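Engineer: As a plain string of letters, each chain reads:
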Amino acid sequence: MKLFTRYYRVNLLSTIVVMLLTSMVYYWAISRILIGVADKDLVVEESEIFEYVRANHRLPQVFESKDQQISFAKVSGPVKREYINTSYYNPKERENEQGRGLISSVNVNGVLYKIVVVQSSVETDDLIRVIFSITIVVVLLLLFVLLMVNRLVLGRIWQPFYGILQQVKAFNVAEKNDIAPQRTNIDEFNELNDAITSMATRVKKDYGELKAFTENASHELLTPIAIINSKLDTLVQTENFNERQSMLLNDLYTSVSRLTRLNQSMLLLARIENQVISGYEPVNLKWLLEEKVAQLQELYADKEINVSVFAEEKEVQASRYLVEILVNNLLVNAIKHNVPQGQIDITLTKDKLVIKNTGEDRDMSTQDIFKRFSKSANSEGTGLGLTISTQICGNYDWMLDYRYRAPFHYFTVVF
Amino acid sequence: MKLLVVEDEPGLRDSIRDYFTEAGNVCETVGDYTSALQKINLYRYDCIILDITLPNGNGLDILKALKQNRHPDAVLIISARNALDDRLQGLDLGADDYLSKPFHLSELRARVTAIVRRRSFDGNHIVVFNEIALDLQSKSVSVNNQQVKFTKREYELLLYFIANKGKVITKNAIAEHLWGDSIDAANNFDFIYSHIKNIRKKLVEAGSNDYIQASYGMGYKFTDQ
Numbered sequence: 001m002k003l004f005t006r007y008y009r010v011n012l013l014s015t016i017v018v019m020l021l022t023s024m025v026y027y028w029a030i031s032r033i034l035i036g037v038a039d040k041d042l043v044v045e046e047s048e049i050f051e052y053v054r055a056n057h058r059l060p061q062v063f064e065s066k067d068q069q070i071s072f073a074k075v076s077g078p079v080k081r082e083y084i085n086t087s088y089y090n091p092k093e094r095e096n097e098q099g100r101g102l103i104s105s106v107n108v109n110g111v112l113y114k115i116v117v118v119q120s121s122v123e124t125d126d127l128i129r130v131i132f133s134i135t136i137v138v139v140l141l142l143l144f145v146l147l148m149v150n151r152l153v154l155g156r157i158w159q160p161f162y163g164i165l166q167q168v169k170a171f172n173v174a175e176k177n178d179i180a181p182q183r184t185n186i187d188e189f190n191e192l193n194d195a196i197t198s199m200a201t202r203v204k205k206d207y208g209e210l211k212a213f214t215e216n217a218s219h220e221l222l223t224p225i226a227i228i229n230s231k232l233d234t235l236v237q238t239e240n241f242n243e244r245q246s247m248l249l250n251d252l253y254t255s256v257s258r259l260t261r262l263n264q265s266m267l268l269l270a271r272i273e274n275q276v277i278s279g280y281e282p283v284n285l286k287w288l289l290e291e292k293v294a295q296l297q298e299l300y301a302d303k304e305i306n307v308s309v310f311a312e313e314k315e316v317q318a319s320r321y322l323v324e325i326l327v328n329n330l331l332v333n334a335i336k337h338n339v340p341q342g343q344i345d346i347t348l349t350k351d352k353l354v355i356k357n358t359g360e361d362r363d364m365s366t367q368d369i370f371k372r373f374s375k376s377a378n379s380e381g382t383g384l385g386l387t388i389s390t391q392i393c394g395n396y397d398w399m400l401d402y403r404y405r406a407p408f409h410y411f412t413v414v415f
Numbered sequence: 001m002k003l004l005v006v007e008d009e010p011g012l013r014d015s016i017r018d019y020f021t022e023a024g025n026v027c028e029t030v031g032d033y034t035s036a037l038q039k040i041n042l043y044r045y046d047c048i049i050l051d052i053t054l055p056n057g058n059g060l061d062i063l064k065a066l067k068q069n070r071h072p073d074a075v076l077i078i079s080a081r082n083a084l085d086d087r088l089q090g091l092d093l094g095a096d097d098y099l100s101k102p103f104h105l106s107e108l109r110a111r112v113t114a115i116v117r118r119r120s121f122d123g124n125h126i127v128v129f130n131e132i133a134l135d136l137q138s139k140s141v142s143v144n145n146q147q148v149k150f151t152k153r154e155y156e157l158l159l160y161f162i163a164n165k166g167k168v169i170t171k172n173a174i175a176e177h178l179w180g181d182s183i184d185a186a187n188n189f190d191f192i193y194s195h196i197k198n199i200r201k202k203l204v205e206a207g208s209n210d211y212i213q214a215s216y217g218m219g220y221k222f223t224d225q
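Respectively, the protein sequence lines represent chains A and B.
Mapped onto full-length UniProt numbering, the consecutive letters of the first sequence carry residue numbers 1 to 415.
Mapped onto full-length UniProt numbering, the consecutive letters of the second sequence carry residue numbers 1 to 225.
Don't read these hints as lab results, they were simulated from the structure.
Treat the hints with care, since some could be wrong.
Quick list of simulated restraints, FRET-style, between CB atoms [stated by the list, open to error]:
1. B:Asn130 / A:Ala301: 55 to 63 Å
2. A:Asp351 / B:Asp224: 36 to 44 Å
3. B:Gln225 / A:Val173: 55 to 63 Å
4. A:Tyr280 / B:Lys149: 56 to 64 Å
5. B:Val26 / A:Asp351: 53 to 61 Å
6. B:Arg119 / A:Asp351: 41 to 49 Å
7. A:Gln237 / B:Val26: 13 to 21 Å
8. A:Glu243 / B:Lys149: 31 to 39 Å
9. B:Leu136 / A:Glu243: 35 to 43 Å
10. B:Pro10 / A:Pro181: 51 to 59 Å
11. B:Lys139 / A:Val168: 41 to 49 Å
Below, simulated PhoX-like cross-link-like pairs (lysine-lysine); rule was C-alpha separation at most 25 Å, straight line [unchecked claim]:
12. B:Lys165 / A:Lys303
13. A:Lys231 / A:Lys204
14. A:Lys231 / B:Lys152
15. A:Lys286 / B:Lys152
16. A:Lys350 / A:Lys371
17. B:Lys201 / A:Lys303
18. A:Lys303 / B:Lys152
19. A:Lys303 / A:Lys350
20. A:Lys303 / B:Lys197
21. B:Lys2 / A:Lys292
22. B:Lys171 / A:Lys231
23. A:Lys211 / A:Lys176
Partner residues are not named here, just some residues of chain B that face chain A (Cβ under 7 Å, in silico) [claimed, not checked]:
24. Glu9
25. His104
26. Asp184
Please read all numbers here as calculations on a predicted model, not as lab measurements.
Ideal Cβ positions, reconstructed from N, Cα and C, are used throughout, including at glycine.
For reference, chain B alone in the conformation it holds in the complex (with noise of 0.2 Å):
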């Protein structure tokens, strides 16, 4: 994937910009209005991951300019300006997915593949891990073509350490990946190691490999290294 990063502080678009070159993507960064603009003049990116409140300039002016010169790239907002209006705007305008700060990297991770996905695999819904295969479409898995049967929660769960892979995702982003802010009501994240534990049983017995490595105390990792 070729990305671009349009955020200010540069603390946060490094450490964007480390988590997705890592994993052998291509991701430029700017950090104001001026060159942003500049750079989608000049190049085109899978997905823009776009900051509203920029010096001397509103993202969403961004935003606009890619509409109007009808450049294809996907624009994913990131903006601490939480609200559902800011939100709605962003959406309106043709941004495809709105992630308000602060996030987890796996979660931007997870939505610019999905993005990505959507737009450049049009017609083909499938994501394929190996002898693992996810059908976007009916949200069904496979492992060397035969059906699993998994849930509608462990199905999200793959999808999420597909997009991640090779990355250490902590329990914390997993639990606010799939329950969002409810987790709030959880006294621990024990739940999700029934989770992990019962993707693990599947896919193994259904004769794929062991993909998911535990970190030791902080999260899981999918990986086939």
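Chain A extracted, bound-state conformation (with noise of 0.2 Å):
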């Protein structure tokens, strides 16, 4: 739930109770005091027909009056002075209305009169009425322009949050774009955005000097790498060795190779994050698939992998160097993580190139295997492989996919 939503919810349904609640207090109050007002007249009218018995010891004459109606009755007991609430019979308008009485009892010459006084109380109703739908409508009109309001000047007013949010999420350690500073004159919006901006910067000051460390130390260590590798090379020469010792020179060479290509990748990888590399040229990639497919041919088919090339014309903007890369780390993986017999399809479309292959019978979307240095444990490889293609491809705004569809594990690039 947004936070407008979850404030106007609250904000609506508390105006609305104590709208309600005051509104049933105001009507109350109101046709009290004119109730009041309307018993005032009765105990009048009581009064002058006391005063008429005084001093004429009878009963006055009744006439018909616009709104109101006296009417005496002989009794034999004593009658309870009361008020009530009754109908009056409206003779101009022939109908009966709402009307308040008052009963009371007058001695007149000893026989004692029951006496009903009824008025109209219809204006008194319609003036509550009035009344009511005045306020019922200001107190809507107050709704309505507070409802106006809360959506315009709050929406105007959080509208810096939504652009530091929104830097917030595009916001890359690895990008060279900052958070750009947003002005505001509200002052915890700017505390929020100060805040962001030094944190971004801190972080990317730490990850660039992580990086410049990784790549200065990859760089020292190639120069050790180079001697162990000569030096090994010269030994080899040295010829006449007995099974256990070449296995141990194997293994050797086997662990400097990796070494030297962790390295490389992760030099690669630092120079394609800092855009060292880019550049746009047109690369075919029909050609270069068919070229790569045909220099890896030896690879696959020592593990007797099937490969079906489908390619349609395609040609893309983009740095030679790092598309072969893309194309040839693609490849590889899809030769190093399958099974013998197993079935590579490349599929190369306008608009993407999916390369599907048999391999192990599991799904990898649920580990992220774009991660840094995610590998199955049986592989030999850097685990550097698809990070540095999801790089390149981030760098040409394409889009890097995974997905497992029993057998096949798919690649697919977005263009």
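Work from the hints to combine the two standalone chains into their complex.
Structural biologist: Have a look at this one:
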């Protein structure tokens, strides 16, 4: 739920409840007052009757009045004096209306009469109704204005927040663009902005240092590796090794070559991330694919893997060097993680390149296969191949996607 | 061949020198910028193996000095700096090739041989080893002047062998020479064996001697001794 929605809901609900309560109290208070006024009128009428009786010793003549009716009735017992809500027959309108009455009694020459004075309360009700409707209109108008103001003003006030959020979402330590400071006149947002900007700068600085360290360390490592490799090459020339010695030497060679590739991959990744290698030239992907497939022929033939290529003409604008690395990594991956007598299908269309291969019967999308150094336990690779591929795709706004549909692993580059 | 190795790491420098000297080449070495500059002003070499990062100087400046003085020496840059920019800069300045560290000595030798061959035997594209002749232009192989059909890979492998004749070449070096980084995809190097078998068979069937010796478990040696 959005902050606004939440706020509106609470705001609206409490406003309505308060309005309902106050309008009830209001209604009750106004009707109390108006009934009080009506009752006073009735008392005035009653005392007029009493005065008339005291002066004339008989009941006054009852005449029709517009909004008052008085009736007398002879009673034998005492009458309880009380106010009643009753109906009032309006002779003009010829209909019954709401009325307020007073029952009282008078003693005329020893005879007890019950007096009923009824007054129409239509006007009172009308008054209440008018007051009530005005109130309702005012309340509704108030709610509407409140809603509009909230929507407009809050939307505008929160604008910088969404701006910051957008930038934080798009933030990538490996990319060059920084979080641009958003100036607002709201202190909280300025504070948030400052905090995020300084955090981003710090993170980038740390990342940059780490990357520089990686690059330098990899670099420095290459020289001793070169010496080891050359010394091994020299050692091999002395020949006459027994089986154990040659096995040891082979292991050394393998390890040195893994170390070399790891170093070079790390350096390459650092450079691609820094966009040191970039550039755009037309690269014919179809030719490149066919060339690479031919070049790798021995490697998949050795595993008796069947490779099929379906390629449409497709040209991309990118660095040839990087595209070659991308294609090579994906193909090598498909061969390396394949099973004997497996299958690799390569499909190149205008908008995507799909490489699907058989392999271990396992969906690897749960574990993040694009993460650095994530690799299967028995893989001798560097674990950086897919990271490099992702980074290359990222540089050109392509998307590299993985999914598993038994028995195939699909790697798709969407251009 | 007369070579100059400009490399500040003594370990690597000596290995390179040993590898080339044993095959009858003259190989001089220097370890820093100043002495390298002196050497190139005094003597001429078939090929200079040049490291870029040197004590008190940059290898690329040596390359510039060579070009300014119009010295004809071929230059092969070796560097741990594998950045494409360095590579391009080196080649733009007139280097003949670029090899990033670490490398196999056999790869270095193949590259140097290729450069020197390209430069000194201009017009003559034939590499001869006893009865075997390789035409570098048409990439074809003949034994006793009889054409033998070789695949591209087999041709490349034979050329690699001849450039490193008399040396043990490891399967590792062969694999990296022919497949580069893609060799990552291989579980083992068994498929190299079938290439060697084919080359051997084709050469022997065409009447050549069998020059390929297996070096126990390590690799192969192409030799007429």
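Engineer: Give a verdict on every hint.
Structural biologist: For each hint, the structure was consulted:
no.: 1; hint: B:Asn130 / A:Ala301: 55 to 63 Å; result: 32 Å, violated
no.: 2; hint: A:Asp351 / B:Asp224: 36 to 44 Å; result: 57 Å, violated
no.: 3; hint: B:Gln225 / A:Val173: 55 to 63 Å; result: 59 Å, holds
no.: 4; hint: A:Tyr280 / B:Lys149: 56 to 64 Å; result: 41 Å, violated
no.: 5; hint: B:Val26 / A:Asp351: 53 to 61 Å; result: 59 Å, holds
no.: 6; hint: B:Arg119 / A:Asp351: 41 to 49 Å; result: 47 Å, holds
no.: 7; hint: A:Gln237 / B:Val26: 13 to 21 Å; result: 19 Å, holds
no.: 8; hint: A:Glu243 / B:Lys149: 31 to 39 Å; result: 36 Å, holds
no.: 9; hint: B:Leu136 / A:Glu243: 35 to 43 Å; result: 38 Å, holds
no.: 10; hint: B:Pro10 / A:Pro181: 51 to 59 Å; result: 54 Å, holds
no.: 11; hint: B:Lys139 / A:Val168: 41 to 49 Å; result: 58 Å, violated
no.: 12; hint: B:Lys165 / A:Lys303; result: 31 Å, violated
no.: 13; hint: A:Lys231 / A:Lys204; result: 40 Å, violated
no.: 14; hint: A:Lys231 / B:Lys152; result: 31 Å, violated
no.: 15; hint: A:Lys286 / B:Lys152; result: 21 Å, holds
no.: 16; hint: A:Lys350 / A:Lys371; result: 28 Å, violated
no.: 17; hint: B:Lys201 / A:Lys303; result: 24 Å, holds
no.: 18; hint: A:Lys303 / B:Lys152; result: 21 Å, holds
no.: 19; hint: A:Lys303 / A:Lys350; result: 31 Å, violated
no.: 20; hint: A:Lys303 / B:Lys197; result: 19 Å, holds
no.: 21; hint: B:Lys2 / A:Lys292; result: 37 Å, violated
no.: 22; hint: B:Lys171 / A:Lys231; result: 16 Å, holds
no.: 23; hint: A:Lys211 / A:Lys176; result: 13 Å, holds
no.: 24; hint: Glu9; result: 6 Å, holds
no.: 25; hint: His104; result: 6 Å, holds
no.: 26; hint: Asp184; result: 5 Å, holds
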